[in-house]
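Protein chains: 2
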Amino acid sequence: MSKTKKLKIIPLGGLGEVGKNMTAYEYGENILVVDTGIMFPENDMLGIDYIIPDFDYLRDKARIVRGIVITHGHEDHIGAIHHVLRDVPAPVYATPLTRGLIEVKLARNGMAGQADLRTVQAGEMVQIGPFQVEFFHVCHSIPDTVGLGITTPGGLIVHMSDYKFDHTPVDGWPTDYAKLAEFAQRGVELLLADSTNAERPGWTPSEMVIGPALDKVFQNAEGRIIIASFASLISRMQQVADTAVRYKRKLAFVGMSMVDNAKMARKLGYLSIPDDTLVPLDQALNMKSKDIVLMCTGSQGEPSSIIGRLSTGTNRQFDLKSGDTVVLSSHPIPGNEEAVSKTINRLFRRGADVIYDAIAPIHVSGHASQEEQKLLLNLVRPKYFVPAHGELHMLKHHAVLAQQVGIPKENIRVVENGQVLELFDGKLELGDRIPGGYVFVDGRSIGDVDHGVMRERERLSRNGIFLIDLNVDKFTGRLLHDPEIITRGYVSPEEAERLIPIVQKKVVDIVNGGGLDNEKTIINAVRSFLYNETKRRPMVFVTLSKT
Amino acid sequence: MSKTKKLKIIPLGGLGEVGKNMTAYEYGENILVVDTGIMFPENDMLGIDYIIPDFDYLRDKARIVRGIVITHGHEDHIGAIHHVLRDVPAPVYATPLTRGLIEVKLARNGMAGQADLRTVQAGEMVQIGPFQVEFFHVCHSIPDTVGLGITTPGGLIVHMSDYKFDHTPVDGWPTDYAKLAEFAQRGVELLLADSTNAERPGWTPSEMVIGPALDKVFQNAEGRIIIASFASLISRMQQVADTAVRYKRKLAFVGMSMVDNAKMARKLGYLSIPDDTLVPLDQALNMKSKDIVLMCTGSQGEPSSIIGRLSTGTNRQFDLKSGDTVVLSSHPIPGNEEAVSKTINRLFRRGADVIYDAIAPIHVSGHASQEEQKLLLNLVRPKYFVPAHGELHMLKHHAVLAQQVGIPKENIRVVENGQVLELFDGKLELGDRIPGGYVFVDGRSIGDVDHGVMRERERLSRNGIFLIDLNVDKFTGRLLHDPEIITRGYVSPEEAERLIPIVQKKVVDIVNGGGLDNEKTIINAVRSFLYNETKRRPMVFVTLSKT
Numbered sequence: 431m432s433k434t435k436k437l438k439i440i441p442l443g444g445l446g447e448v449g450k451n452m453t454a455y456e457y458g459e460n461i462l463v464v465d466t467g468i469m470f471p472e473n474d475m476l477g478i479d480y481i482i483p484d485f486d487y488l489r490d491k492a493r494i495v496r497g498i499v500i501t502h503g504h505e506d507h508i509g510a511i512h513h514v515l516r517d518v519p520a521p522v523y524a525t526p527l528t529r530g531l532i533e534v535k536l537a538r539n540g541m542a543g544q545a546d547l548r549t550v551q552a553g554e555m556v557q558i559g560p561f562q563v564e565f566f567h568v569c570h571s572i573p574d575t576v577g578l579g580i581t582t583p584g585g586l587i588v589h590m591s592d593y594k595f596d597h598t599p600v601d602g603w604p605t606d607y608a609k610l611a612e613f614a615q616r617g618v619e620l621l622l623a624d625s626t627n628a629e630r631p632g633w634t635p636s637e638m639v640i641g642p643a644l645d646k647v648f649q650n651a652e653g654r655i656i657i658a659s660f661a662s663l664i665s666r667m668q669q670v671a672d673t674a675v676r677y678k679r680k681l682a683f684v685g686m687s688m689v690d691n692a693k694m695a696r697k698l699g700y701l702s703i704p705d706d707t708l709v710p711l712d713q714a715l716n717m718k719s720k721d722i723v724l725m726c727t728g729s730q731g732e733p734s735s736i737i738g739r740l741s742t743g744t745n746r747q748f749d750l751k752s753g754d755t756v757v758l759s760s761h762p763i764p765g766n767e768e769a770v771s772k773t774i775n776r777l778f779r780r781g782a783d784v785i786y787d788a789i790a791p792i793h794v795s796g797h798a799s800q801e802e803q804k805l806l807l808n809l810v811r812p813k814y815f816v817p818a819h820g821e822l823h824m825l826k827h828h829a830v831l832a833q834q835v836g837i838p839k840e841n842i843r844v845v846e847n848g849q850v851l852e853l854f855d856g857k858l859e860l861g862d863r864i865p866g867g868y869v870f871v872d873g874r875s876i877g878d879v880d881h882g883v884m885r886e887r888e889r890l891s892r893n894g895i896f897l898i899d900l901n902v903d904k905f906t907g908r909l910l911h912d913p914e915i916i917t918r919g920y921v922s923p924e925e926a927e928r929l930i931p932i933v934q935k936k937v938v939d940i941v942n943g944g945g946l947d948n949e950k951t952i953i954n955a956v957r958s959f960l961y962n963e964t965k966r967r968p969m970v971f972v973t974l975s976k977t
Numbered sequence: 431m432s433k434t435k436k437l438k439i440i441p442l443g444g445l446g447e448v449g450k451n452m453t454a455y456e457y458g459e460n461i462l463v464v465d466t467g468i469m470f471p472e473n474d475m476l477g478i479d480y481i482i483p484d485f486d487y488l489r490d491k492a493r494i495v496r497g498i499v500i501t502h503g504h505e506d507h508i509g510a511i512h513h514v515l516r517d518v519p520a521p522v523y524a525t526p527l528t529r530g531l532i533e534v535k536l537a538r539n540g541m542a543g544q545a546d547l548r549t550v551q552a553g554e555m556v557q558i559g560p561f562q563v564e565f566f567h568v569c570h571s572i573p574d575t576v577g578l579g580i581t582t583p584g585g586l587i588v589h590m591s592d593y594k595f596d597h598t599p600v601d602g603w604p605t606d607y608a609k610l611a612e613f614a615q616r617g618v619e620l621l622l623a624d625s626t627n628a629e630r631p632g633w634t635p636s637e638m639v640i641g642p643a644l645d646k647v648f649q650n651a652e653g654r655i656i657i658a659s660f661a662s663l664i665s666r667m668q669q670v671a672d673t674a675v676r677y678k679r680k681l682a683f684v685g686m687s688m689v690d691n692a693k694m695a696r697k698l699g700y701l702s703i704p705d706d707t708l709v710p711l712d713q714a715l716n717m718k719s720k721d722i723v724l725m726c727t728g729s730q731g732e733p734s735s736i737i738g739r740l741s742t743g744t745n746r747q748f749d750l751k752s753g754d755t756v757v758l759s760s761h762p763i764p765g766n767e768e769a770v771s772k773t774i775n776r777l778f779r780r781g782a783d784v785i786y787d788a789i790a791p792i793h794v795s796g797h798a799s800q801e802e803q804k805l806l807l808n809l810v811r812p813k814y815f816v817p818a819h820g821e822l823h824m825l826k827h828h829a830v831l832a833q834q835v836g837i838p839k840e841n842i843r844v845v846e847n848g849q850v851l852e853l854f855d856g857k858l859e860l861g862d863r864i865p866g867g868y869v870f871v872d873g874r875s876i877g878d879v880d881h882g883v884m885r886e887r888e889r890l891s892r893n894g895i896f897l898i899d900l901n902v903d904k905f906t907g908r909l910l911h912d913p914e915i916i917t918r919g920y921v922s923p924e925e926a927e928r929l930i931p932i933v934q935k936k937v938v939d940i941v942n943g944g945g946l947d948n949e950k951t952i953i954n955a956v957r958s959f960l961y962n963e964t965k966r967r968p969m970v971f972v973t974l975s976k977t
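Chains as they are written, first to last, in the working numbering: chain U, 431 to 977; chain A, 431 to 977.
Among the hints, a few may not be true.
It does not matter which identical chain is used: a pair holds within one copy or between any two.
The list that follows gives simulated cross-link-like pairs (lysine to any residue, SDA-like), each with its CA atoms no further than 25 Å apart [to be verified]:
id : residue 1 : residue 2
1  : Lys718    : Thr744
2  : Lys438    : Ala829
3  : Lys751    : Leu860
4  : Lys936    : Ser975
5  : Lys839    : Pro519
6  : Lys438    : Asp484
7  : Lys751    : Pro519
No wet-lab data here; the hints were simulated from the structure.
Let's have the full structure, built from the sequences with the hints guiding it.
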């Protein structure tokens, strides 16, 4: 039996974490990539801009990557596309809106017109190497999302990216149940599906519930309405626009990403706003407060977003004023709860009324909850099941749900990024482990900042630094001048003023007393003195010149 | 009208944040303090151990503080008692269990026997200066919690600390509804009440629901059961002990705080465990896995806790093994969600089965939800209402609830720490603002680490440091040796090896080219070079000696 006959399923991102989704399917000399997402840094990833999948595995095999399929336009599915295309310049397949968002992203990264982008429609089928990919429509919090039926030499695989079963979505286009049932009739070897809400009982509410909640906001607001959401949440833009029309307010988008995405979505027909409802920001700011609604980013409490800057009074074009109603139309991404909560407090402090998901249904999840996940499993009836897109505990719980609907435990594989699966001869087995983890993007570098650098940042951040510069006469071994000391992030300036002369004297005593063997002697003495004085351990550095 | 006739209510902690609860009541030359809590650092408070209230206001008035009343033994109510008593050595009034926990804390901080501790029982009344304080029982997640009816010269104030209306609490002792109704009959001028769950609809479930959930865990567990909770959650200890007896497992407490608190609670009669059920840890570890249950700390994902160490394989006395069932019997404190989630993933990775509050009712909140908060308002029928104990957005929402039950909007005061309220002649008015904020405890220092130091730590943590040591001949202005460079938290060692020689050359060129005016010249040149190379901005330091 030759190795090339095995179909490999290679999770490069999204399994064991929320975000940066990326999966590769490999058969012989052919690779199909699905999604190229990024993930936002966690609280302990100091100084990191964002995280991309470790796709080193693909670099060596770039020439056999036959295509990259993107399921929808959210950052955790398209965000790393420019990084991937630089090393793996394969054709990219996406639906029109997703393609539009990819084009915006590539243009921002200096790659406009450099990629081979191919538009597909939900319902179409594309042959990509030995993979026959059927695109079918699913509901999610962005229009034009698709799931994939991939007929492979190992059998039919249903790759269900983010989805929900919304019977009344904003765009009126529900998930393609018929296609899922048809797959089941053909016989599905393996299902991979989104686990984000595997711990959430029941059924995720329809996008429709947001309408009445927005209505109430518009009814009650006496001044401006400022609605924060994600720049890619096109359906939320539609809902806000529809409500603005009903309440005769003009709508302005604020911030480059909002403006760009809205423009592109309108052009492609995914966002319908009457021309006389939409106004530029500067015009809106000159209108009466009760005649306008602004839509911007910052619902996650990001300090540099419009809402973040409004909350701290550092926004350029306009400030919050009393009577403003701010709506945070999103749910905090795990890890952002504290930032969101602080932002809400700050907005209140500035006199705004704040509406957020804990007190009004102005947001619904875009991901299936438990009953939907069970419905999917029963619709598709796969032989094997791999929970995807979620932290390990979500994957584990998704596996429990699958057992509940009758998938035998031994046919469920809970794996994390880097654990290759092999489908061969009707059996799904564990294959090799390849590197699979976080690749940190920080400034220009990709992957240069690793866990070692992160640990140093953590140490620096904990108790600050204490630098001592010594200049010693190489003949006499005596100091040529007083030690120069710099400290940051350790103690207050007043306390530093007290400590520094004592440390200087100690160092002078050691050096001039002949006790200086090397920097280490000084470092150890200063460390233990500082710890005794303050019970804190700054990083101590000594620079020693002998002249 | 003399100033001294006004009753001042001084929020020193807990209003505008969750945690570090502390309130002072002042009338003439008399102050009564209620609670002295700490708060745990938020994610952006780098290196901080914990936070205490800013009680500077009391330092100058220490001699007129007549008493300190502690409502219950949780850290956010007693944690700062040793700090406060050092400056304000007043008598401390507490119920027996609370007193026991205070004694444990004082002993750990080298203050055993140094405080004037006075035991009170729920139902008793104590005259403290001009304040007549009635202690009444309330349910919370720790036994022996009390609310306070404080008859002041300004009228009757009901100070409701943390509470819930649990009809079936573990200790069988429900909240004293009769006392609340009696207060209402007497006429309550002002109610202060816990806002923690003001955004949570409905009624907080009774502690009773945990019983069946624990039963299920014990039924299903094939190996050891390890239950994590807070060391002060005495009622949870009782529930675990009762279940252990039913399932014939032996119980061992792990970790000093758990062991100490359990011992004290048993001694005082608040925890009832048969002698032959309780075993020391070393004995438990030698028993069959299915015969034991361990109880320890770490349910918040704290890295240094037992669970934190088990999750990373760094616990001293024992390791996790396959077949262990770990129960996290708590809900993540806001800001800890990410740490808890990571810990759960790590425990799964080590082969344990993990049960946590998202998937099983193994924890209930100790705080009243909206229906209970409305019941309290209707029971007490206060003239004025001040939402307490919560972040600003919770206080705001508690105020909305109060309006719903008929308290006029103008009789509700939403204030944050430091905003003094004055009750005089039947009117509640805003008084002075005093300093009220975070006092950071870091190592030995209290308050020395301020926001300035914190900003420096933040800068250090973002892109690391880059140190350059120069030694220049004071006559020729030329370098005496190559610049010495140290960097941390900036780039990987490989990248540093590439960058350092380039920087050295640049610096040599500047200095020897005569372009060195001062350190600033070098700093600016190196900064812009490093930014161009890496798009990152480490903190650059130059030490310059002229010899």
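Quick rundown of the hints versus the structure:
Within a single copy, Lys718 and Thr744 get their C-alpha atoms as close as 22 Å, which meets the 25 Å cut-off; across copies the closest is 62 Å, which misses it. For the identical chains of this complex, Lys438 and Ala829 are intra-copy neighbours only, at 21 Å inside a copy versus 58 Å across copies, given an alpha-carbon limit of 25 Å. In this assembly of identical chains, the alpha carbons of Lys751 and Leu860 lie at most 25 Å apart only when taken from different copies (22 Å versus 59 Å within one copy). Proximity of Lys936 and Ser975 under a CA criterion of 25 Å is satisfied in both settings, with 18 Å inside one chain copy and 20 Å between copies.
Taking the closest pair of Cα atoms, Lys839 and Pro519 never come within 25 Å of each other, the shortest separation being 39 Å inside a single copy and 63 Å across copies. Taking identical chains as interchangeable, the C-alpha atoms of Lys438 and Asp484 lie at most 25 Å apart only when both belong to the same chain, with a minimum of 17 Å there against 60 Å between chains. Taking CA atoms no more than 25 Å apart as the test, Lys751 paired with Pro519 passes in neither setting, with 49 Å inside one copy and 46 Å between copies.
Figure legend: structure checked against the earlier numbered hints; hints not met, in rising order: 5, 7.
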